[in-house]
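Visitor: Chain by chain, the residues:
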Amino acid sequence: MDLKAYTVQYGLLSEIENIAKLLYPINSSAINLARVTSSSINGSRLSYYDVENKVAPSLFQAFSTIPFISQISYIGLGGPLFAYYYEGNQTFAMYSNSTASNVRNFSCYRQPVDSSTGKVYGDAVESLPFIATNTSWIEQALNSSQGYASFGNGWNSAQDPLFLSSVSIHGHGVFSLGFSAKALISFFNSVDLYGGSLYLATQTGKVLVGGLPNTETVVKGNSVSMYLTKLNGDQSDLVGHVSCMPNNGKLNNSLLNIGKAKYRVFCSQVEIVGVPSQMEATQQAERKSMNKSLAFASASHDIRAALAGITGLIEICYAEVRAGSELDTNLRQMDGCTKDLVGLLNSILDTSKIEAGKMQLEEEEFDLAKLLEDAVDLYHPVSMKKGVDVVLDPYDGSILKYSRVKGDRGKLKQVLCNLLSNAVKFTSEGHVSVRAWTQKPSLENKIIASNQNGLCRRFSCLFSKNKKVYNDLEAINAMKQNPNSMEFVFEVDDTGKGIPKEKQKSVFENFVQVKETALGQGGTGLGLGIVQSLVRLMGGEIGIMDKENGEKGTCFKFNVFLHICETSSTDNTKAEVEIEEDFIHHYSELTIRTPSPGLMIRTPSPRLAILGSSPKIEGSQVVLLIQNEERLRSSQKYIEGLGIKVSAVKQWEHLHSTLKRIKARQSVSPHSSSGKSDLGSRSDHYNTRLKDVPLSSMDRIDLKPSTSRSSNKGAPRFVLLVIDAGAGPFEELCRVVDEFKRDLHSSCSKVVWLDRTTSRSINLRSFEHDLIDPRDDILLKPFHGSRLYQVIGLLPEFGGHGVISRSNKGIQATNTLQDPGSHSSTHSQSTKLKVPSTYENSFQQVDLQAEASSKNGKYRKNSLLDYPDHSHVRSKSRQSPTETPSVRSSEIQEVQGNLCKDKPLRGLKFLVADDNEISRKVTRHILKGHGATVEVCENGEEALQLVCRGLHNQREHIHSIVLPYDYILMDCEMPKMNGCEATRQIRKQEKFYGVHIPILAFSADNSGGEGKKMMEAGTDGRVNKKINMEQLEETIRNIHLKRMHL
Amino acid sequence: MDLLSQLQRQLADFTASLYREGFVDDQFTQLQKLQDESSPEFVVEVVSLFFEDCEKLVNNMAKALEQQVVDFKQVDSHVHQLKGSSSSIGAARIKNVCIAFKTFCEAQNREGCLRCLQQVNHEHAQLKTNLQTLFTLERQIVANGGSIPAMQ
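Respectively, the protein sequence lines represent chains E and V.
Counting in the UniProt record's numbering, the first sequence runs from 1 upward without gaps.
Counting in the UniProt record's numbering, the second sequence runs from 1 upward without gaps.
Worth flagging that the hints you see were computed from the coordinates, not collected in a lab.
Bear in mind that the values here come from a model prediction, so they are computed numbers and not experimental data.
A portion of the hints provided could be inaccurate.
Claimed, not checked - According to the in silico footprint, chain V covers these stretches of chain E (three or more CB under 8 Å from chain V):
hint: 1; region: 316-329
hint: 2; region: 912-920
hint: 3; region: 1017-1027
The beta carbon of each residue, even a glycine, is placed where N, CA and C say it ideally should be.
Bound-form chain E, shown alone (with noise of 0.2 Å):
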């Protein structure tokens, strides 16, 4: 028995409230009407025309519109009114027409609307001011900011009952929906009672349906007290109570008697009209949210501009306190944790940001692929100090196709560096690679599986009022829809610790950290959160992959949406070259695997110009030996991938079989036919290679017998050996790859060497015992990216004739005393390197900078002067006999490191001659400041008897010639003897020597010609006395390069 009426009554309840869902909708639309409305009119209070003008019609729309709606109104503040309501089947405006000055004196009218366009016709009678009547609602709605529930009588004269839905505008009035409470409650009609009868009655004790006859409840509280009634109405005895509170998520229920029947009742809350309050809180929390991540920001912003404060005053305290007190330890320490702090700070604001919706994306061009190689290049030496290589795969080049692309370059390098450094930091063994591609940017977004919050974020779009979201996912579907928009995908992939499964959906939200593996590794946590955030803001989503069983680590996958930037024609033709289709078809008869038809690229760093290639040039080979798997494995497959025959050599020891047999099939004339079947079972050989072989067992595979038979007529092959320098016994490589190359035509081979900037192999040693060929290549940096690029150039079927172009930076000496980890290189040799006279191949010059200057026999050294040609004519002719190359050139480079870059003058010697005296002091203190030493004459006489003098004492003390100055600043008009005459006698004194020591007219203005007159008496350039020091700089160096080319 129980247990049916239970079943009944939870049927029951649910039906109710499955219809009290059918009328849900109703409920919120007080709430978007204000919401509407209140956008259209600004807030302020309104007058009577704009009630009649504004906001009539909206009501009127609203009225027409909303189902049940029987009554709706806007109620100004202080009076003006304006409401439709049903009189029967009649649709009657009621309205005040008071002004502002008349607030208090108001009358109201009616008057019947015409129920297609809202206007109202007839006459208007006037009618008592039901405001001043019925306002305990109005107040309440005007006071409460969620809106405000009532029952109450509507404005027709039969004064319905209604559901009354108000909420205040900005306080300065209240829109207020009546629903008839006959046409809700005729709803429930229709529910099967089971024999039952329902009672409904309002939170505030409004009974709505009676249910028995002759009973009456009355609602108190929690709890409804049911009253039997007698027939003349009177209320009579108490029947019981119904307890209206779950008890242990069970009703109670009460057995009543009425009448002859027992009953049993049961009570129950449901929501079936109302301002949606719960709605409102939900909303409420999220604004409070909102507004406490705002504040956050906003704390965070002040908290930096006060740790700027500290940091400036302990700048301003270093100034003041002597190196290398305690005093200044302290303070570098502070420094130091300041630093961190705002670090620290930086992060929580980015959070504190993004999570207010302050974080925007800024627009602009930029190249991706450099992007991709800035990030890693920028981790690979800390990485490499722990004996993990960063390597960027380049994929299947697909980046460097849509390498110019629009889109928040700062906000992608911080995912990348974050990721990086994540990688980096909990890998210890191994390698981490970055690979990216582009793909057509699908509509649905589904590269990862778990993409929760993407749903959610759609779903809100639907139903949320938050224009903000909307706003966003709007911005994102269009830029997805963007014709020019294209899908990167980017992975990090580390061979680390790895994240556990269970962890891995945590690992994105702030402040988590998987403690097994982060313990002892710091951070706060916060990293992949912003990650996520920065990512999902540029449209895409960022997961972690799963790694096949066995493989170590963790792969992270983010893709973003980036515009596409149209390449003006003027780069095209400089830097996109096509793959001309007969290429394609010469080489892929050759070399099998054909490269994708009209790859492009649009980069202007890493040119691969593939040229239309004379059919007489049999395909390059090019040999890796590569000591990282991964390295060698990503660039083998990219560069098998244009079509090049690769070896990858794996261990050392193998380097020699390899290239014996590269050489024997070089040297051999083969008259093969090359026939297509010939190659077709080549090609088929090799890609099975591909697939099937293991990579360990490569080393020897594609040279079998069956390759080498189609050798055909014609030029050798051209043969690129890149060697990793650390991956074997450095000798013991040069001395196999130089018996490779002896006997083969330069040309026909090329030998780039990778090293390392931390730990060299390749030392000035190698060098010295000729291990080196001169005109092979040093790559310091990762061979990946641009210096890739390079390398494949170097190929002739990419343009290149192995010779790298100077005019190329990406490749370009890597100047090592820009490089901090040079410094603490354990090789006692100069740390700056340079190939012997083969400048112009090398990508690495080593300097043979021991220099013995002139009079004292230090050593002089001159940052500003890096021109291995200049450094190699002087250690030329400055080596004293007994000073060869030795440890303390490198010395003397790591005391001067940090001071070079303020002092460009430093180890010159300058003399000036100017007669007058606050110049002479000036341009003396400023010369000095800026490294160099001076020597000052106040005339033309003096200087030419310093530079004699000069000349005589070197042919004295020292077999080879050393300049008595570096540089002689010439005053031009000088008492005694003028700069011109000076300078004429100092060049024929200088003809006794050999020598040309620079001169340069010193003088207050541009203009004139004095300047022109000292030009023909022989100086090489001039300086202004208002001494700009660039414009020197950049004197003395052109004064260099010119008497390189002498």
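Keeping the supplied structure of chain E fixed, place chain V upon it in accordance with the hints.
Guide: Just chain V now, kept in the frame of chain E:
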């Protein structure tokens, strides 16, 4: 601290106005920048030297221009000296006057030369006052335990 920061602000404003009004140029900045422990009084020294030199040259020029027959070559060489030294310390206004002065010398225009001489005198006096103010401010700052902020 309050006084000090006030002084420092005053100095910054004043220096900025000197540059803005063209009394000095970046050469002067360079001199200030290179002033270090080894020569703490370098700028003051060289500036005083300049003023002495300038006064001497102005006197010489005035004398030369008073002569019945003006030796313009003589005047020109004085102007040249002045131009050189003003350029060296970055006294931009004086240097500019000197350039005009030289053209009048070359044109043997006595009137023009006299006008320029007057101008040189005027600029010289103004610069002197200004730099004196500057140095006083700097001294006050140092006396109050502050450091002189570096120019940009």
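Visitor: Determine for every hint whether it applies to the structure shown.
Guide: Going through the hints against the structure:
{"no.": "1", "hint": "316-329", "verdict": "holds (count 3)"}
{"no.": "2", "hint": "912-920", "verdict": "holds (count 6)"}
{"no.": "3", "hint": "1017-1027", "verdict": "holds (count 4)"}
No hint from the list above goes unmet by this structure.
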